[in-house]
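Chemist: Residues per chain are reported as follows:
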Amino acid sequence: MSAHPPYTTSEARSRETFLALMWALSYPGRTPTLPDNADPFALIGDTLLDLETSFYTPDAQIRARLAQTGARLLEPKRAAYHFYAELDDSALATIATANIGTLSYPDQAATLIIHARFRSDSALTLTGPGINGSTSIQIDGIPASFWTMRERAAFPLGWDVFFVNDKSVLGLPRSTKVTLE
Amino acid sequence: MNRLAALAAPRQDYSYAFLDAYAKRELRRRTLKAIAIPGYQVPYASRELPIARGWGTGGLQVTLSLVGPESIVKVIDQGADDSVNAANLRRFIARMSGAQTTTDALKATIIQSRHRIPEEILREYQALVLQVPDPEPLRAVESNSSRAHEMHAEADYGQMWLVLYEQLVRYKQYIQGASYPSLVNGRYVISPSPIPRWDTPKLHQSAHLTLLSAGREKRLYAVPPYTDVYPLEFDDIPFQVEDQRGWVCAITGVKNKFMNEIPQPDGTSTYELSDTGYMEKVAPADATRTEPPGATYYDEQGNFYHDGYLKPPIQPEL
Chain R
1 MSAHPPYTTS EARSRETFLA LMWALSYPGR TPTLPDNADP FALIGDTLLD
51 LETSFYTPDA QIRARLAQTG ARLLEPKRAA YHFYAELDDS ALATIATANI
101 GTLSYPDQAA TLIIHARFRS DSALTLTGPG INGSTSIQID GIPASFWTMR
151 ERAAFPLGWD VFFVNDKSVL GLPRSTKVTL E
Chain E
1 MNRLAALAAP RQDYSYAFLD AYAKRELRRR TLKAIAIPGY QVPYASRELP
51 IARGWGTGGL QVTLSLVGPE SIVKVIDQGA DDSVNAANLR RFIARMSGAQ
101 TTTDALKATI IQSRHRIPEE ILREYQALVL QVPDPEPLRA VESNSSRAHE
151 MHAEADYGQM WLVLYEQLVR YKQYIQGASY PSLVNGRYVI SPSPIPRWDT
201 PKLHQSAHLT LLSAGREKRL YAVPPYTDVY PLEFDDIPFQ VEDQRGWVCA
251 ITGVKNKFMN EIPQPDGTST YELSDTGYME KVAPADATRT EPPGATYYDE
301 QGNFYHDGYL KPPIQPEL
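Heads up: the sequence lines are chains R and E, in that order. Residue 66 in our numbering sits at position 66 of the first sequence; the count goes up by one each step and never skips. Residue 161 in our numbering sits at position 161 of the second sequence; the count goes up by one each step and never skips.
The hints are simulated quantities; they were obtained by calculation from the structure and are not laboratory data. Backbone N, C-alpha and C fix where the C-beta goes; we use that ideal spot for every residue, glycine too. Careful, some of the hints might be misleading.
[Said to hold, decoys possible] Label pairs and their in silico Cβ distance ranges:
(1) K177(R) x H306(E): 19 to 29 Å
(2) W161(E) x K177(R): 19 to 29 Å
(3) P69(E) x N132(R): 24 to 34 Å
(4) S136(R) x A283(E): 44 to 54 Å
(5) S136(R) x H306(E): 18 to 28 Å
[Said to hold, decoys possible] Below, computed lysine-lysine pairings styled on DSBU-like, alpha-carbon distance capped at 30 Å:
(6) K255(E) x K311(E)
(7) K218(E) x K77(R)
(8) K172(E) x K107(E)
(9) K167(R) x K172(E)
[What the hints assert, rightly or not] Partial pick of chain R residues on the chain E-facing surface, computed with a CB cut under 10 Å:
(10) D50
(11) L51
(12) T102
(13) D107
(14) G141
(15) A144
(16) F146
(17) T148
Generate coordinates for the entire structure from the input sequences, incorporating the hints supplied.
Modeler: This is how it looks when you write it as structure tokens:
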């Protein structure tokens, strides 16, 4: 049997990033590792974005990097993927306008990718699909108003969130119920 | 080697894992949405593959978007690892990705399946990819797919209950054998693909991730790990799995696992295990390769591993 087609570096990075995202979303509260030595926004951008989809980010540097994927930069209301280096007041105001999908097409809701620090001690209790009972997680730098805003959309509507730090990713699908302690 | 060949890049006839980068990204975007909305049928592009639609292209595309050189892939067709369809798909996946293949459900990282879930309990971080011929559980009650889409949006499943009621009135039991409609996460009714009723409870609060993909119908949906999946049933007439009590596998002597019925010339039947990977562990063809079977969803007495999930049968009084 001939050798398989080459598993190139870019192929490997995309696949490993996707698997991290997939398992993060399948097991909310766990933090799968992203491929080493790379900007998580660039990794996720290269994995998910291309000219068939769109993004929004307030950060000029991230915007330039994501533009390389060929994806369209759109206004926050219509963009499919949002990237935030931090959640300041203007970012929160933007997220308030992000697409939560419709009952007919809940899959059109936005995906938010937010830089954050997380630890596995208390603060937030998660329940829902992908969680065996309940699990606790602490995510630093996320204002309480973010959680209130997230509560406003009832399943199956709402955005899906990936919190990323430099090494790993934490998925928070819309199906997860978050309780603040 | 002559010098021109040395200068040229090595010839590549295929992308890694067959699908091109655009196809993979699209499928991966869609897969993430499917996991985020358990049971919702996410539309996707469904590319051309070197097998015909209807022969597992949906499952194959999902597998190709997941697979890598370190993956261990198992492909089953009605429980069998050695059917033509399963063997072809397995060979194609391995040839395009360099992944290892196995028949052991517990060793596999990706299990692509047509119409069965293995008998052994799958674990966390295993991906079960089910090939789906018809993803629409409402097809029988609503032939217009746009209207069926609206019914899902409105969680309008009244007609499904009517179908079940009519079955009880006519036959005194639920007669749907495979693809038994099931409610995922309390919101969407799915067709769990034509797995037997025996396998449907295995989706409930499972440790593994299940991805269901219909290539011809271009729809993808998921049952994430630890998610509620309940077959539609009335409170007073519980859902039942196939009654195969008393059926004994002619090869292994095993009971209380899903069996194939093999008609005999004299009009009787013999039975054998449907899950050939499990059979191989219980009664290895090669006696030197003994691998003890793992824990199974149904124990030797036929009890399901989630206590109380399956209820004793009740005959309707109609």
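Chemist: For the hint 18 to 28 Å, verify it against the beta carbon of S136(R) and that of H306(E).
Modeler: For H306(E) against S136(R), whose Cβ atoms are near 25 Å apart, the range 18 to 28 Å holds.
Chemist: Hinted pair, alpha-carbon criterion (30 Å max): K172(E), K107(E). Please report holds or violated.
Modeler: violated, 42 Å
Chemist: Is the Cα-Cα distance between K167(R) and K172(E) 30 Å or less?
Modeler: violated, 57 Å
Chemist: Look at the Cβ atoms of W161(E) and K177(R) and judge whether their distance stays inside 19 to 29 Å.
Modeler: The hint (19 to 29 Å, Cβ to Cβ) holds, given that W161(E) and K177(R) are roughly 27 Å apart.
Chemist: How about T102(R): closest beta carbon in chain E under 10 Å, or not?
Modeler: holds, 8 Å
Chemist: Let's test the interface hint: is any C-beta of chain E closer than 10 Å to that of F146(R)?
Modeler: violated, 18 Å
Chemist: Under 10 Å is the threshold here; is the Cβ of G141(R) close enough to any Cβ of chain E for the hint to stand?
Modeler: Violated - the Cβ of G141(R) stays beyond 10 Å from chain E, reaching only about 23 Å at its closest.
Chemist: Min Cβ distance, D107(R) to chain E: is it shorter than 10 Å?
Modeler: Status holds, d = 4 Å.
Chemist: Given a cut of 10 Å on the nearest C-beta pair, is the interface hint for T148(R) held or broken against chain E?
Modeler: violated, 20 Å
Chemist: Tell me if the beta carbons of P69(E) and N132(R) are separated by a distance inside 24 to 34 Å.
Modeler: holds, 30 Å
Chemist: Next pair to validate is K255(E) with K311(E); report whether the Cα-Cα distance is within 30 Å.
Modeler: holds, 20 Å
Chemist: Holds or violated: is the Cβ of L51(R) closer than 10 Å to a Cβ in chain E?
Modeler: holds, 9 Å
Checked against the numbered hints listed earlier, the structure breaks hints 8, 9, 14, 15, 16 and 17; every other hint is satisfied.
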